[in-house]
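**Q** Input sequences plus hints: build the corresponding full structure.
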Amino acid sequence: MDFELTEEQRAFAQTARDFAQAELAPHAAHWDEEGIFPKEAIAKAGELGFCGLYAPEAAGGLALPRLDATLVFEEMAAVDPSTTAFITIHNMATWMLGTWATPAVRDHWGPLLTTGEKLASYCLTEPGAGSDAASLKTRAELVGNEYVINGAKAFISGAGSTDVLVLMARTGDAASGASGISAFAVPADTPGISYGKKEQKMGWNSQPTRTISFDNVRIPADHLLGREGEGFKIAMKGLDGGRINIATCSVGAAQGALNAAQQYMQDRKQFGKPIASFQALQFKLADMATELVAARQMVRLAASKLDAGARDASTYCAMAKRFATDAGFTVVNEALQLHGGYGYIREYPLERLLRDARVHQILEGTNEIMRVIIARRMLDGDATEAIR
Numbered sequence: 001m002d003f004e005l006t007e008e009q010r011a012f013a014q015t016a017r018d019f020a021q022a023e024l025a026p027h028a029a030h031w032d033e034e035g036i037f038p039k040e041a042i043a044k045a046g047e048l049g050f051c052g053l054y055a056p057e058a059a060g061g062l063a064l065p066r067l068d069a070t071l072v073f074e075e076m077a078a079v080d081p082s083t084t085a086f087i088t089i090h091n092m093a094t095w096m097l098g099t100w101a102t103p104a105v106r107d108h109w110g111p112l113l114t115t116g117e118k119l120a121s122y123c124l125t126e127p128g129a130g131s132d133a134a135s136l137k138t139r140a141e142l143v144g145n146e147y148v149i150n151g152a153k154a155f156i157s158g159a160g161s162t163d164v165l166v167l168m169a170r171t172g173d174a175a176s177g178a179s180g181i182s183a184f185a186v187p188a189d190t191p192g193i194s195y196g197k198k199e200q201k202m203g204w205n206s207q208p209t210r211t212i213s214f215d216n217v218r219i220p221a222d223h224l225l226g227r228e229g230e231g232f233k234i235a236m237k238g239l240d241g242g243r244i245n246i247a248t249c250s251v252g253a254a255q256g257a258l259n260a261a262q263q264y265m266q267d268r269k270q271f272g273k274p275i276a277s278f279q280a281l282q283f284k285l286a287d288m289a290t291e292l293v294a295a296r297q298m299v300r301l302a303a304s305k306l307d308a309g310a311r312d313a314s315t316y317c318a319m320a321k322r323f324a325t326d327a328g329f330t331v332v333n334e335a336l337q338l339h340g341g342y343g344y345i346r347e348y349p350l351e352r353l354l355r356d357a358r359v360h361q362i363l364e365g366t367n368e369i370m371r372v373i374i375a376r377r378m379l380d381g382d383a384t385e386a387i388r
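In the numbering used here, the protein residues as written are 1 to 388.
Source of the hints: derived by calculation from the structure; they are not laboratory data.
Any given hint could turn out to be false.
Unchecked claim - Here are the computed distance ranges between Cβ atoms for each label pair:
1) Thr290 with Arg268: 48 to 56 Å
2) Glu347 with Gly177: 49 to 57 Å
3) Asp215 with Asp163: 43 to 51 Å
What the hints assert, rightly or not - As a list, the in silico DMTMM-like pairs of lysine to aspartate or glutamate whose alpha-carbon atoms are at most 25 Å apart:
4) Lys198 with Asp68
5) Lys137 with Asp2
6) Lys201 with Glu334
7) Lys237 with Glu351
8) Lys44 with Glu34
9) Lys39 with Glu57
10) Lys198 with Asp215
11) Lys44 with Asp163
12) Lys273 with Asp189
13) Lys44 with Asp18
14) Lys201 with Glu351
15) Lys237 with Asp18
16) Lys233 with Glu117
17) Lys233 with Glu57
18) Lys237 with Glu141
19) Lys44 with Asp2
20) Lys201 with Asp18
21) Lys201 with Asp267
22) Lys44 with Asp107
23) Lys269 with Glu347
24) Lys233 with Asp222
25) Lys39 with Asp107
26) Lys237 with Glu334
27) Lys44 with Glu57
28) Lys237 with Glu347
29) Lys237 with Glu40
30) Lys233 with Asp132
31) Lys137 with Asp68
Cβ atoms here follow ideal geometry from the backbone N, Cα and C, with glycine treated the same way.
**A** Below is the structure:
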């Protein structure tokens, strides 16, 4: 068991750190304040391979391990969790398309998505199907050589500004549950697709969020991903990686907040001396650092399990998502507290990091659903020996 990064992994992380400082740090606060979706910056990330980190090589991706991808995402999220989170979602959708699309669809969209020239959205959640994703009602009917899609999706990141939708829709009957769901690659400008208003959100303001409506949307039959009835399985496989990704964004946000807090404690003086000299605040910083390291190692463990194809990879991904997003938010909140009133104003990055990190406890499966996933596995007879 080796906890040290290789030289190649350190190089990936350093490249991501340099990119974040050059392309994200100078603009993140402005993008947040004005609600700007920075497609040009995302395209620059694509030039470095960051838009197809673990997509298969056949689709133009780097086919990196999930562990290596976390190193890149963490460095970027330390500066801008919102933009980085969209890049992780794009990576997830790109991986799904690159893995399960027909050769023709993969060959067309793969190079466009992995370079960041075009962007993808992941479309699972519906107005009435959030935590209970298997109850989704959007339908896709095979008519001749086309699928005809009707329904609606909600809370879709990038909606209205992306180019292809990785869509989950029901191809079985209303009672078919998870086994009746299929996955599709849907060009985002297909006739019959309409987009709702841009949601006004607490955080994640550098990426648009909208509902999407499908009214007799027709796509070629070869835009099916995998086979009919495999969509829910594909969606869950995507979410295993997505949960690691969003957990990594929380770790990154927490690291950015810890960096700011450590510097502020050295610079800020009260009662004639730096606040770093007060033991109560030293202890707070110590706890923040400890929680952050624990969260980072939990995420990397889960990524390693997923890379190895371990039987319990999904359980570890749920654990990492639950723990890292809770711990990451706590660390950012404590860092804001250490800044006092300055933490609450926009001149400092703490309030933005806090707003961006809060939603990580909700999306990619709420942390309550993560507990359900973990608990179900832990009630199996061998769980206490297998999950360690």
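**Q** Tell me the hint numbers this structure goes against, listed in increasing order.
**A** Violated hints (numbers, rising): 1, 3, 4, 5, 7, 12, 15, 16, 19, 20, 21, 26, 28, 29, 31; every other hint is consistent with the structure.
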